[in-house]
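Sequences listed follow chains A and B, in order. Each residue of the first sequence is one higher than the last, beginning at 84 in my numbering. Each residue of the second sequence is one higher than the last, beginning at 84 in my numbering.
Hints listed in this document are in silico derivations from the structure and should not be mistaken for laboratory results. Treat the hints with care, as some may be off.
Claimed, not checked - Using 16 Å as the maximum straight-line C-alpha spacing, the simulated EDC-like pairs for lysine to aspartate or glutamate come out as follows:
1) A:Lys361 / A:Glu395
2) B:Lys434 / B:Asp300
3) B:Lys436 / B:Asp159
4) B:Lys156 / A:Glu140
5) B:Lys403 / A:Glu236
6) A:Lys117 / A:Asp321
7) B:Lys350 / B:Glu384
8) A:Lys434 / A:Asp164
9) B:Lys261 / B:Glu249
10) A:Lys403 / B:Glu236
11) A:Lys156 / B:Glu140
12) B:Lys436 / B:Asp300
Claimed, not checked - Far from chain B by the CB rule (all over 12 Å, computed), these chain A residues:
13) His96
14) Gln98
15) Gln115
16) Gly431
Where a beta carbon is used, it is the ideal one built from N, C-alpha and C, also for glycine.
Number of protein chains: 2
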Amino acid sequence: MSHTQLECINCGHLQLDDAINLSCLQCSAPLQVKYTDKESGHPTGIESLTPVHNETEIITLGEGNTPVVHLLKVGDVIGLDNLFAKLEFMNPTGSFKDRGSSMMLTMAKEHGVTNLVEDSSGNAGASVAAYAAKANIKAHIFAPSSTPQPKIEQIKIYGATCHLIEGSRNETTKAAMKFAKTNHIPYLSHSLSPYFIEGNTSFLRELVAQLRGKLPDHIVIPVGNGALLLGIMKSLHDDLNILPKQFLPRIHCVQSENVNPIVRAFKSLTKITDQLSKPTIAGGIAVSEPPRIHQVLCALESTGGQAISVSEDSIVKWHKILPSVEGLDLEPTSAAAVAGVELLVQSGYIKPKDRVLIPITGSGLKHVEI
Amino acid sequence: MSHTQLECINCGHLQLDDAINLSCLQCSAPLQVKYTDKESGHPTGIESLTPVHNETEIITLGEGNTPVVHLLKVGDVIGLDNLFAKLEFMNPTGSFKDRGSSMMLTMAKEHGVTNLVEDSSGNAGASVAAYAAKANIKAHIFAPSSTPQPKIEQIKIYGATCHLIEGSRNETTKAAMKFAKTNHIPYLSHSLSPYFIEGNTSFLRELVAQLRGKLPDHIVIPVGNGALLLGIMKSLHDDLNILPKQFLPRIHCVQSENVNPIVRAFKSLTKITDQLSKPTIAGGIAVSEPPRIHQVLCALESTGGQAISVSEDSIVKWHKILPSVEGLDLEPTSAAAVAGVELLVQSGYIKPKDRVLIPITGSGLKHVEI
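Produce the complete structure using the sequences and hints provided.
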């Protein structure tokens, strides 16, 4: 008997492990991994922190264990003594997505998947392509035609077929789903996969060890679909027994002014719709209809975090500053986190003595403009 | 009193720590770090494994601690059960050079350096530029105009001034030295700096821990200047007391047929000269006159290793295969290591049951052809 089940985030329905079906059989909402007692099969809280059944068959490229560095000079500029960055771009394909891909592809392999369809703004596509190569799984990756060329090249170099779609990120998703249905290939969306989020739980576990048990006061995250944010929340939830509640960090969500469905929903301004989005330099968070938006909103609320929009100008500004003062070459999406911290300090949500952590989610090498 | 001195690799002359003067005051040969007794100042073997005097002032971007992965499928193709790769491209600027740059810039900062000149085929230049940014040191990086565009962009993004030179790697070095002399700026060549090599000693120390004390039978390294190879040798030498000699790995050097001064010297074929070199896709090892060539030759001899040339075709072949079968996106220079392993197996120097390790020295993201 498996030590995990999949739980609907909407109606709570429990169903069996399944690497292919990504939604609730009763209400079609997204799922999350629920650890159950290995003996009885009943939910008992946390028995194991990974849904993998055979530890020797993990599909890994050496992801995780990324370093934490102190951003002294950027902290000085913003007015923070303790601004830290966890360098997620130092994952095998250059983004945090590798944590999720490792888990998603391991579970896909466990369930006998031999080919898959995925859609992405680029980073997840490249990551899934790499892990699919390692797992001997044929990958079809759909991406908007506006995806930076290095990311497209990266997807292809791993041997995946890259389907470029004229249109928004949202239209890319629809094209991927249609292709999967027509060709009877499993649609393994990283935005929907409960295993992809589960892979991101390692971020917080590492952080606890790296900061010697003392978590930061704030974690400020650029959010598209929210996989990293939800992975962190899942880990906080599953580890609640060992983490004193008063020391839990506030989780904040940063989006671009041009694509900010979560910020709008957080402020109860408008319904989620693709129509309000404009082009953004932060392609990694250009998701106009995130399927797990309610989970993200709950996460913000339960930790007392904020959802804020930052201007394109401020993203561009920090994207230029970070490499030349801290020696970190990041993609614009990651710069949005710094812009977000600046705004949260200015608006008083973060105090000068607070300990703040941002993830540097993706490598600047993928955004070289030639 | 310092716990280190600098020792001439040719005449053995000992001189004081110096981050700027990179050669022997008596015979002009390159130097290496020698650990001395902290109390008396006399050489006593190993007292500390780093030349840094103030551990709180280390210039770091989180380099090192790269993972080791098992290349099962490539091993199958080549005929090896135990082929492993240490993923050096997962360093902060995407290459193993970050180990050396961290140490070189830390020592430069200790010695009050405020600006520097460096020359490189690209990876070291980008790396030095990043660490110089972190250290508030102004960097002038010289690179051949044939350097891939992503590497040039990377050098610039860290705020360094990039000087592109029409001509060979060797002519680039000459231009850098001339510029440094004319403008009275320290010439901190990574090829000459003893601290750069010292930074690379961490590679082997990590490997010993990762392989639980059991070193591989062979380490096969693409060699340009030989900083990684010499760092590994330095570590083997300094750690000899704790490593049983019979378990020392054989260190092999791989070069392209088109630029192979070490292979030619190893076989005593010809004098070292720039004239015999042709263009190669493996830009990271296109060094026609490596200043530490005799140290490299000694290293090969003392471990029973080989120096071999691989064809451009075999480099291109493995550069294409690695990403699509192992999910690892590497630059052509790194693919030369796999081509080298294949040749060493074919020629019988490596046996099918031997444990073999290669470093994947640089990221494929720096070699995107657009």
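Hint-by-hint comparison with the structure:
no.: 1; hint: A:Lys361 / A:Glu395; result: holds (11 Å)
no.: 2; hint: B:Lys434 / B:Asp300; result: holds (10 Å)
no.: 3; hint: B:Lys436 / B:Asp159; result: holds (12 Å)
no.: 4; hint: B:Lys156 / A:Glu140; result: holds (14 Å)
no.: 5; hint: B:Lys403 / A:Glu236; result: holds (12 Å)
no.: 6; hint: A:Lys117 / A:Asp321; result: holds (9 Å)
no.: 7; hint: B:Lys350 / B:Glu384; result: holds (12 Å)
no.: 8; hint: A:Lys434 / A:Asp164; result: holds (10 Å)
no.: 9; hint: B:Lys261 / B:Glu249; result: holds (15 Å)
no.: 10; hint: A:Lys403 / B:Glu236; result: holds (12 Å)
no.: 11; hint: A:Lys156 / B:Glu140; result: holds (14 Å)
no.: 12; hint: B:Lys436 / B:Asp300; result: holds (10 Å)
no.: 13; hint: His96; result: holds (35 Å)
no.: 14; hint: Gln98; result: holds (30 Å)
no.: 15; hint: Gln115; result: holds (27 Å)
no.: 16; hint: Gly431; result: holds (30 Å)
Of the numbered hints given earlier, the model fails none.
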